[in-house]
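Full structure from sequences and hints, please.
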Amino acid sequence: MLGYKKVGILIVLCSVFLLAPPHAFAMHIMEGFLPANWAIFWMVLSLPFIVFGIRKIKRLAGEHMNIKMLLGLCGAFAFVLSSLKLPSVTGSCSHPTGVGLAAVLFGPAVSCVMALIVLLFQALLLAHGGLTTLGANVFSMGIAGPVVAYAVYKLMNRSGFSTGASVFAAAALSDLVTYIVTSLQLGLAFPAAEGGVIVSIIKFMGIFAVTQIPLALSEGFLTVIIFNLLLAYNKNDIKELGVLGGRI
Amino acid sequence: MAKKNMLFLAIVVILAVIPILMNKGAEFGGSDGQAEEAIGEIHPDYQPWFESLWEPPSGEIESLLFALQAAIGTGFIAFFFGYFIGKKKGEEQTDR
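Sequence lines, in order, name chains A and B.
Heads up: the first sequence begins at 1 in the numbering used here, then just goes up one per residue.
Heads up: the second sequence begins at 1 in the numbering used here, then just goes up one per residue.
Read the hints as simulated data drawn from the structure, not as lab findings.
Hints should not be assumed to be uniformly reliable.
[Stated by the list, open to error] Looking from chain B toward chain A, a few residues come up when the C-beta cut is under 8 Å (computed):
#1 Lys4
#2 Val12
#3 Asn23
#4 Gln34
#5 Ile39
#6 Trp49
#7 Glu51
#8 Glu55
#9 Pro57
#10 Leu65
#11 Phe66
#12 Ile85
#13 Gln93
[Stated by the list, open to error] A few chain B residues that don't get close to chain A, going by computed Cβ distances all over 12 Å:
#14 Glu27
#15 Lys89
#16 Thr94
[Claimed, not checked] FRET-style restraints, in silico, Cβ to Cβ:
#17 A:Met65 - B:Gln47: 48 to 58 Å
#18 B:Ala26 - A:Gly3: 35 to 45 Å
#19 B:Ala67 - A:Leu120: 10 to 20 Å
#20 A:Lys235 - B:Gln47: 53 to 63 Å
#21 B:Val13 - A:His64: 13 to 23 Å
#22 B:Thr74 - A:Lys235: 37 to 47 Å
#23 B:Glu36 - A:Tyr4: 40 to 50 Å
#24 B:Gln93 - A:Ile54: 16 to 26 Å
#25 A:Glu240 - B:Ile85: 15 to 25 Å
C-beta atoms are modelled at their ideal positions from N, C-alpha and C, and glycine is treated no differently.
What follows is the structure, given as structure tokens:
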């Protein structure tokens, strides 16, 4: 049975879905589309996370072979998911991020390095995203989303939700938050002539829409599929990482 | 676990198919273009100040690179689970 605390947590988490953007705007901000001052601002903000993340990965990779393999799996998963351009209900396409898995297993610092690798690949080879907007994109996809994923997972897992439900919510919300933060970044950089930043953010984000939800749900389900496989074949490694706090 | 995973995978496929059936005749273009338009509306005189260093010369090359990205990831995921499933089976056999 769901207790009051659990129901409360679910209501708060579901309310985030109301913030989902009406149109699937840019997953990543395009090359040259952030003014230089904002481009630099987000780069400076993201840099400490990346430095910390690389150090953490070096330390983890030195522990033993299985952990190194798990790190590789997280990177590979982000690679696949961010290459899947899925159709959305508004008649445009966007793609999931795939970094929720790394966030749940290793924390946001590690997932921000995964995001950096994927974003570099796409900026250099696919003209998708960009080098000048790399800092902003790393912040939305690699830091903001994963921080939420990590927090949601820990909160739900400790409150007695099953691991599957916690992973699902963490990955789906991380996907949505990445979108919301991208809209905030664009709104801050391009305030509307009348009404300023807020009007712009609303324009980029919208309030009542449901467009991004199918994509976020897909990301949640795909992450749970991988996590179930890990529980079946790598349970000891996951335990070692301290991921399974509550019941399984 | 396998049954559950197949169900989840089926849901993901359905979630991708529904939008296509719902919006017959829609363009299903990338979302980046829409953001460009929105910026154009808010700040009509904004000029991007940096160009991509390299762009795929055609849609075909672009899909090649996207497929490559997916293939690299999928390849490692398949290797990962092949390795650990085999390892677990091997351990179970030696335990007997």
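Comparing the hints with the structure gives:
1. Lys4: holds, 7 Å
2. Val12: Interface hint status for Val12 (chain B): holds (5 Å vs cutoff 8 Å).
3. Asn23: Check passed: Cβ of Asn23 (chain B) comes within 4 Å of chain A, closer than 8 Å.
4. Gln34: Because about 6 Å separates Gln34 (chain B) from the closest Cβ in chain A, which is inside the 8 Å limit, the hint holds.
5. Ile39: holds, 6 Å
6. Trp49: holds, 5 Å
7. Glu51: holds, 6 Å
8. Glu55: holds, 4 Å
9. Pro57: Since chain A brings no Cβ nearer than about 10 Å to Pro57 (chain B), farther than 8 Å, the hint is violated.
10. Leu65: Result: holds, 5 Å to nearest chain A Cβ.
11. Phe66: holds, 5 Å
12. Ile85: Hint holds; Ile85 (chain B) Cβ to chain A Cβ min 6 Å, cut 8 Å.
13. Gln93: Where the cut-off is 8 Å and the nearest Cβ of chain A is about 15 Å from Gln93 (chain B), the hint is violated.
14. Glu27: violated, 6 Å
15. Lys89: violated, 10 Å
16. Thr94: Check passes; 16 Å lies beyond 12 Å.
17. A:Met65 - B:Gln47: 48 to 58 Å: At 51 Å between Cβs, range holds.
18. B:Ala26 - A:Gly3: 35 to 45 Å: holds, 43 Å
19. B:Ala67 - A:Leu120: 10 to 20 Å: holds, 18 Å
20. A:Lys235 - B:Gln47: 53 to 63 Å: Holds, since Lys235 (chain A) and Gln47 (chain B) (Cβ atoms, about 54 Å apart) stay within the stated range.
21. B:Val13 - A:His64: 13 to 23 Å: violated, 37 Å
22. B:Thr74 - A:Lys235: 37 to 47 Å: Because 23 Å falls outside the window, the suggested range is violated.
23. B:Glu36 - A:Tyr4: 40 to 50 Å: Cβ of Glu36 (chain B) to Cβ of Tyr4 (chain A): about 47 Å, so the range 40 to 50 Å holds.
24. B:Gln93 - A:Ile54: 16 to 26 Å: violated, 40 Å
25. A:Glu240 - B:Ile85: 15 to 25 Å: holds, 19 Å
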